[in-house]
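Chemist: Here is how the chains run, residue by residue.
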Amino acid sequence: MKTLRAIIILVAVAAAIILAVRPFQDSDWANVVRKESKEHKASPGSTKKSDEATESSDTGGPKRRKIPNGLRYVLPFVKEAVMMGVPALITFGFLALLRRRNRNPTQSAIE
Amino acid sequence: MTRKTPRSKVKLYLDCLLLASFLLVSAPQATGIPIHEWISFAFIPIFMVHLLINWGWIVRVTLGLFRKLGGETRFNYFWNLLLYVVMTISVYSGVVVSEAALPGMGFKIEIDPFWSTLHNASSNLLFPLIGIHLALHWQWIVGAARKHLFKSAATEADAA
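Protein sequence lines correspond, in order, to chains H and Z. Just add 31 to wherever you are in the first sequence, counting from 1, and you've got the working numbering. Just add 492 to wherever you are in the second sequence, counting from 1, and you've got the working numbering.
Heads up, a few of these hints could be off.
[To be verified] Computed beta-carbon distance windows for the label pairs:
id: 1; chain 1: H; residue 1: Lys72; chain 2: Z; residue 2: Glu564; range: 44 to 52 Å
id: 2; chain 1: Z; residue 1: Asn616; chain 2: H; residue 2: Asp57; range: 20 to 28 Å
id: 3; chain 1: H; residue 1: Leu50; chain 2: Z; residue 2: Ile603; range: 20 to 28 Å
id: 4; chain 1: Z; residue 1: Asn612; chain 2: H; residue 2: Val117; range: 36 to 44 Å
id: 5; chain 1: H; residue 1: Asn62; chain 2: Z; residue 2: His629; range: 34 to 42 Å
id: 6; chain 1: Z; residue 1: Ile603; chain 2: H; residue 2: Thr34; range: 16 to 24 Å
id: 7; chain 1: Z; residue 1: Met597; chain 2: H; residue 2: Leu106; range: 28 to 36 Å
id: 8; chain 1: Z; residue 1: Pro537; chain 2: H; residue 2: Val63; range: 34 to 42 Å
id: 9; chain 1: Z; residue 1: Lys501; chain 2: H; residue 2: Val63; range: 45 to 53 Å
id: 10; chain 1: Z; residue 1: Asn612; chain 2: H; residue 2: Arg130; range: 35 to 43 Å
Just so you know, these hints were derived from the structure itself, not from any lab. Here a beta-carbon is modelled for each residue, glycine too, at the ideal position from N, C-alpha and C.
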């Protein structure tokens, strides 16, 4: 019974969040995003694949360079490690400073 | 006589599964969109179980919000709430722009660039939010891992 009540509360909160966000799809901001997306798709050179990079060649036209397959499977996880790890390390440092300060209140007062 | 599995051990294994599934879900460039969407459907119940296992803490802190609470606990609470909001937006926007799973089940989905952009943005925001969430609970994670993972491995090695 407690678990069911918890599930109902969690779903209700999620529904409230969704109902709060949904009206934004009709906003001017949403129209700007759609317009920019349309322009980006329509512009030349925007149809390049995500695993290819374009660089200019000596003959004048763009030459496509393939990213190695192995990197394609590794780079997303590197991105995750960096985007999670850096804030986590900053938080560790901040908490360590906070705990040291709380442990030595007289010293920090003198400083 | 059966020995009951400690609650902290269940929590640890569940949290490891949650983190692993999140890391996999967040790499659609590596897994491809269809696997990304199907793993997301599996991720949602794991996330809900994580919240249910910690429901006691959520209720205690919510009820004690306007009484005397430690600064770290209060920060933790609001950070977790922010994480829940962003996760909900990420999941909902992902469902609305489904390219493989829902169309495969017969639902006709029109991809709206607004929801696609919101999905990318909320998903990217989840990384630092979860990184900080892990850092805030690091002591518990290390303690539980030492007790249930490394200690049990050492015990098995001694028995062998």
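Chemist: Does each hint hold? Answer for all of them.
Modeler: A quick look at each hint next to the structure:
For the hinted restraint 44 to 52 Å between Lys72/H and Glu564/Z, the CB-CB distance of approximately 47 Å keeps it satisfied. At about 24 Å, the CB distance of Asn616/Z to Asp57/H agrees with the hint of 20 to 28 Å. Distance hint check: the CB atoms of Leu50/H and Ile603/Z are about 22 Å apart, consistent with the given range 20 to 28 Å. A C-beta distance of roughly 19 Å is found between Asn612/Z and Val117/H, which places it outside the suggested range of 36 to 44 Å.
In this structure, Asn62/H and His629/Z meet the distance hint of 34 to 42 Å, their C-beta atoms being roughly 41 Å apart. Evaluation of the 16 to 24 Å hint for Ile603/Z and Thr34/H yields a failure: the beta carbon distance comes to about 36 Å. Between Met597/Z and Leu106/H the beta carbons are some 31 Å apart, a value that agrees with the proposed interval 28 to 36 Å. The hint said 34 to 42 Å for the Cβ distance between Pro537/Z and Val63/H, and at roughly 36 Å that hint holds.
At roughly 50 Å, the beta carbons of Lys501/Z and Val63/H sit within the given window of 45 to 53 Å. The hint said 35 to 43 Å for the Cβ distance between Asn612/Z and Arg130/H, and at roughly 36 Å that hint holds.
Taken one by one, the earlier hints fail for this structure at numbers 4, 6, listed in ascending order.
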